[in-house]
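*Asks:* The residues making up each chain are set out below.
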Amino acid sequence: MKYASRIYLCLIFGILYIPIVTLMLFSFNAENSTAEFTGFSLKWYLELFNSPETFTALRNTLILAVLSALLATVIGTLAAEGIYRMKNKLVKSAITSVTNIPMMNPDIVTGMSMMLFFAAVMGILALVIPNISYNDIGFAAMLIAHTTFCLPYVILSVLPRLTELGDTMSEAALDLGCTPLQAFIKVKLPNIMPAVLSGMVMAFTLSLDDFVISYFVGPSNFQTLPLLIYSMTKKKVTPDMYALSTIIIVTVFILLIISNFKSDKPEANTRKKKIASIVSLAVAAVLIVAIIIGSFFGGSVVDEEGNVTAAKDVIVLNVYNWGEYISDGFDGSLDVNKAFTEYFNKHLSAKYGGKKVEINYTTYATNEDMYSKLSNSAVKYDIVIPSDYMIEKMIAEDMLLAFDAKSLPNYDNILDEFKGSYYDENDMYSVPYTYGMVGIIYNKTMVDKEDLGSWDLLWNDKYAGKILQFNNPRDAFATAMYLDGLDVNSKDPEVWNRALELLMIQKPYLQGYVNDEIFNKMTTESAAIAPYFVGDFLIMADQEENLGFYFPEEGVNYFVDAMCIPKNAEHPEIAKEYINFMLSEEPAVANAEYIGYASPNKLVIENEEYIEYMTDYAYEGENGETAYDLLYSNNPAVVNKAYNEKIGSDNAACYRNFTPEIQSRVNTLWENLKLADATELWVHITAITIVVAVVALAVYSVYIKKKRSRFYRYRDRENRKAKANTNS
Amino acid sequence: MKKKRSLMQYICAAPHIFWAVLFIVLPLIIVLGYAFTDADGNFSFSNITSLTDYAPIFGLSLELAIIATAVCLFIGYPLAYFIAKAKPRTQKILIMLLMLPMWTNLLIRTYSIMAILDDGGFLNSLLNTSFHIVGTKGAVIFGMVYDFLPYMVLPIYTCISKIDKNMWEAAADLGCSPVTTLVKVIFPLSMSGIISGVTMVLVPSISTFYISQKLGGGTFELIGDTIERQFVTGALNVGAAISLVMMILILISIGIMNKFSDEDGGIIV
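From first to last, the protein sequence lines stand for chains F and A. When you line the first sequence up against our numbering, it's residues 1 to 728, in that order. When you line the second sequence up against our numbering, it's residues 1 to 269, in that order.
Since the hints were derived computationally from the structure, they do not count as laboratory data. Remember, predicted model here, so these are calculated numbers, not experimental data. Misleading hints may appear alongside valid ones.
To be clear about the criterion: a stretch of chain F counts as covered by chain A if any three or more of its residues have a C-beta under 8 Å from a C-beta of chain A, and this derived list gives those stretches [to be verified]:
1) 12 to 26
2) 98 to 108
3) 238 to 250
4) 683 to 694
Built from N, CA and C at the ideal position, the CB exists for glycine as well.
Throw the hints in and build the complete structure from the sequences for me.
*Replies:* This is the structure we're talking about:
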């Protein structure tokens, strides 16, 4: 028995720790991979410490966790005392039930309700304060949301302890002349302190780890660590997140060991325990002090000469961009945002009343994410970078500022063919940032050469189980529509039904529907074929030499991402300066090299360093093309010639904004696709077996209970009879 | 003195009652409002009636969550039992080890599992095999079990370790073998722990969207994914209606479960 229990414990803990140990291992990986360990290196730790984004998120997370835990503890402890004293059973149970709702409810429902609530609050506040933005109340909203879901845990921890303690002590205190308040503070509180503290620790941990509720409620200017990780894992987790997790786990481990430090000798025990608790308190205090100092510096800017500018003279520019879509200083590249702040603070500050600028940079994963953030929660951004069809939609909905892109001094750097695009004909709202096309990525060792060339590779059953598809309706449907020569912007439901049929045929051959997981799956050779964007392909090619790429002959999606200023931006003038800066040679080249997408900027394409960089890039096509050829010699108009002629438009392959009817139609079809063959027989059988077993057990227990109570009744009756007999 | 007490009781609970009404009840009323209106704000049942489309997704989420919970119980109960039977010092260490992985963010843990189990992941490249695990329902269940197992073990462990040691001895004295003691005495007495464990695993498993996104390979959708997608595409009314129904279903099932545990937490087996 003893051995069995040991083996069992080892087995389960072993499995529990495999992912943790693996992530610790890969945090020391020499290369940017979470699947293959190539060598030992500390570079991800260095990268982590050089990343202000991560540090801000860490600081935010800690501040929020400390404050919401404190608030929940104070309110919760008082509430527990109040609930404990309540005599009215009905009121008491009503209050406890309501309190428990956030604990019982799925996070996603709590998050949704909080989001709708704060949207309503914003609606009311906007009537009183005209210029309010969600960012102004964002921190308060997060604090309220976190406190709310922490509260039940504090109450649940304190209430049983109060019941256990009983009233005798506080009654004695009252009899001895204490006021009720004194009795509570001097007598009761010290006795329930352990429960209060454990409630607080619980609240702290919950707040620290929360992702779902923060995801729904979070404002743009307050990113917590889980939110940062989420936006990163949508793309590809770089080992620096693993490094951060390793640091956190090791710190917690050491703290736990210190606080559990215990000697076997009983007399030494109390002293050592005291020392241990003092040490852990000291560590916690140092942590909190560090946060306070950190948050003090967070609000101000230290310029090169070391002068600290007070927070009120700092303009915070909210930039909202795609993940991994700007050169960020990694591996010696130019940190574009930092370069802009330096440039602004040196040269432009005087123009704006001596104010300094600071950039709050946050990221999104899809156009739709960005759109919903912008339209639902009244969040204010100064710069967003949507794609063409989204720009068209946002212009139609009056969400973008007509700042007249032509008026920017550097606008001339944009190539003529990217001016006056169909989504913004007069260049009033947008400045092109990058452009690109979708194509098919394949693994040269796994796919035969004669199968290449067309979209039908994605329908080739020879590679069943090795094919990936986009996990968003628009791009996934488009692959089927290009294959069949259908109009990707069709308003005819029948056309969409036809596309769905094709996707249904394809589904059994797929390994999965994925978005940015493609990076991981293609570079680790988990999959052989995937449709994706050419710029991202180049990043993958850098990591895995066996990958190839082609533009299918039937036509491909061609898109432009452009910089825009939302209508409710707080600093449109500075946003214009930012856009203008992005068009100048150095940052534009740095971005083009970092992102890997084609640049619409003349200075970039003619830049010798850039041409050399792209020509030497770790990619060689089947006919010896370089990365530069892949990006720039495949003119969208030429690639899509057949398709454009067939559909009868110059930009047929570009996505246009859907009408609401088509949008909801596509959503429904997408759900149908996901539902097809979604359940498997074994899932049904297992689930039903479990339910039947549980119900049988419950019925059986009720039956036994009845039987026993019948027996007790019978016994009591017999006893009474016997008693009566003896009495008489 | 009586008067003072009743006053005190309301003063103490007042901030919480205020908080609960404003930040728990009111948001739920707003959800209710959204669920019964259309995009233009007119009263409508269309969101609720359109929910029948989502019944299969609901069913699948429920089934997977039930299986994951059962597996958690099956693995977690012996774990809690063995921990509770260990020496006090060992107990402390084991509980600490159980909690430690939870200090790594759930997202990172799940991602790490994906990186290990993927077709070209760590496991397959180590063994030079090509098991297809990520993208199956089994992988999603594994992810749920892995992420939520401590929620099952902790309440059961607390419950077992609180059982009077005399009970074990009494059972042994009355002729129970260790196994019979476990089945007839310990198991029924730990029922309240089991029920809170089941609740704590079932609820997050039903509503998860991250685990199914990463480990499910996107070939199927769980109800959490559906709500998230509605939120992202701005179809808030339908999202609110789904949330509402999910909430009601969960509260009902929790109510039923609590019915089967007595005041002293014993269901009789």
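*Asks:* For every hint, state whether the structure bears it out.
*Replies:* Now the hints, each set against the structure:
1. 12 to 26: holds (count 11)
2. 98 to 108: holds (count 9)
3. 238 to 250: Holds: 5 residues of the region 238 to 250 of chain F have a Cβ under 8 Å from chain A.
4. 683 to 694: This one holds; 6 residues, not fewer than the three required, reach chain A with a Cβ under 8 Å.
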